[in-house]
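Engineer: So you can see what is in the structure, the chains are spelled out below.
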Amino acid sequence: MTIGDAGPVEHPTEPFLQQRAWVRHIPAVAIGAPVAFAVLWILFFARGTSAGAAVSEPGEFFVAFLNGVTLAGLLFVVASGFTLIFGLMRTVNMAHGSLFLLAAYIGIDLQKQMVGKTRNINADDVSILQWVVPMLVGAAVVAVIGVVMQQVFLRWNQGEELRQALITLAISVILADQMLREFGGLAQTMVWPGRVTHFIDIFGQRYATSRLFMLGVALLVGALLWLWLNKTRMGMVIRAGVDDQDMVRALGINITLVFAATFFVGAFLAGMGGAMGASFAGASTGADGAWLLNSLVVVIIGGLGSVKGALAGSLLYGMVLALSPVYLPSEYAFYSIIFTFVLLALVLAVRPYGLFGKVESA
Amino acid sequence: MIDPLLEVVGLRAGYGTSQVLDGVDFSMGRESVAIIGRNGVGKTTLCKTLMGLIRPSGGDITFKGDPLAKSTPERIARKGMAYVPQGRRLFPSLTVDEHLAMLAKGTRGRRWTPEAVYDLFPRLGERRKNGGAELSGGEQQMLSVGRALLLNAELLVMDEPSEGLAPKIVDTLIDVVQQLIGEGHAVLVVEQNLHAATHMAHRQLVMVSGRIEAESTAEELRASPELQRQYLGVEA
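Respectively, the protein sequence lines represent chains A and P. Just so it is clear: in the first sequence, position 360 is 360 by the working numbering, and no numbers are missing. Just so it is clear: in the second sequence, position 221 is 1221 by the working numbering, and no numbers are missing.
Treat each hint with caution, since some may be false.
Stated by the list, open to error - Below, in silico cross-link-like pairs of lysine-lysine (BS3-like), each with a Cα-Cα straight-line distance of 27 Å or less: (1) P/LYS1079 <-> P/LYS1105; (2) A/LYS231 <-> P/LYS1105; (3) P/LYS1129 <-> P/LYS1105; (4) A/LYS231 <-> A/LYS308; (5) A/LYS308 <-> A/LYS358; (6) P/LYS1129 <-> A/LYS308; (7) P/LYS1129 <-> A/LYS358; (8) P/LYS1168 <-> P/LYS1129; (9) A/LYS358 <-> A/LYS231; (10) P/LYS1129 <-> A/LYS231; (11) P/LYS1079 <-> P/LYS1064; (12) P/LYS1105 <-> P/LYS1064.
Honestly, the hints are just simulated from the structure, not real lab data.
One chain only, chain A, in its complex shape (with noise of 0.2 Å):
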């Protein structure tokens, strides 16, 4: 049969696109209506929740909003490390947990010896170095322990994913039971240093520096990062590694050398995070477990290997987790770490590779 044969016959898929016209909008009424409730709620309506509506107190909202922003900044170095490791190696680290805890359990320890006291810290006898130099330190020690994890057991196992998963978990389990020996099991605190803590007025409301001085050392990380991958050989490399993996190899690159390096960054990256947050919240047993799931969390929602879905992953993240217990109705507040899995199932609903991921070619 020809072309010219068909004439004017009714196209039989015709009913079924027409049918499919509004099956096309499904995703976009399946992420606007619970947005926009969620903003209606959070303006007009939210006058039996302890921040009350957005509207009568905008204070409430913008800590609410500063405590997400400054949450995903935290969010954001640690999972940006996860997100770079596994976009370029495939390797989910799954001791990335465990090197958060291990450098801010070191950045402690470090902190308390350079104060030159073993407990009562005040943020007043804290210096600027004296909390820098103990987030460095562990930072970097941790990113050495990653790179001997990635030479001595990983390396070998390149492109058998599973089996990486499994061996950083076992790595991680080890670490756990070693780090409840060395530093026990009470929670511990970085002090911030004394410039950095104290409360600047916002609408009425006390919002406390630390936080702010917190999402600056994010952001001065994130461009480090961006400034790194986009402007340096080496980033290129990392790009075009995500990409393709084996037609950098085939261009002459060696690029063991890099996915050395990029563990060290990521573990770093995970280090940094460890003393932030220890310094956010305390560093204690089990929130090695806690920021793997957050990492997860972060890279599901942003797409594993981008670090800008791991900025995009973290600022919704981040803003799920600071207005969701405050913007419920008082007495469903404890239910708010269920709106986590309602974020999570509403971008993977839409885009199941995660907002910036790549499908996965074969």
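Using the hints provided, position chain P relative to the given structure of chain A.
Structural biologist: This is chain P only, laid out in the frame that chain A set:
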């Protein structure tokens, strides 16, 4: 040829249990050679195996006198074998400039620098800031060739460079390859396009089900529809 640049003896390779290369033998000096054959005879597998992207299950590859069969892609590339893969395989996350900048280290003072590539392909110079995925097919192929040139390699392995290109662009590509050959580059080009193959190389090796079955010349092949039918399954 007294001193072959590349010598392949009894090369076997495949994916999993399926054997694709079934004892490939050929050798070439500092010249240009085309490998022609129908779809699925193993041409791309041969390129990938030469580049170390597929591990051979048997046979030997000798390049510049050294065995390559167990080597890694990065070592093979740095030894002087540059790869222009099938489907270009550009990096979608990188701009044109970044594709070249990434490989610019150590090119200063050599024949091929990013600037020299832009001189060769002025079109690319106009699209420096564009992403690898935003280029036309011809521009993509220019970038893929330009990227390979930055290795300043002796041997250029090109896998179906004319695939998916308009005839006019294929002619431009042929000009470029001829220019490279004129400058002393050795080229191993795998092609299904008879026009491209016979204009890029004098020696024509015919691949049939995982082996080199015959050797012909560009003139002979162009003149004989019978051979074309036999080797490529096409009516020219």
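Engineer: Tell me, which hint numbers fail for this structure?
Structural biologist: none
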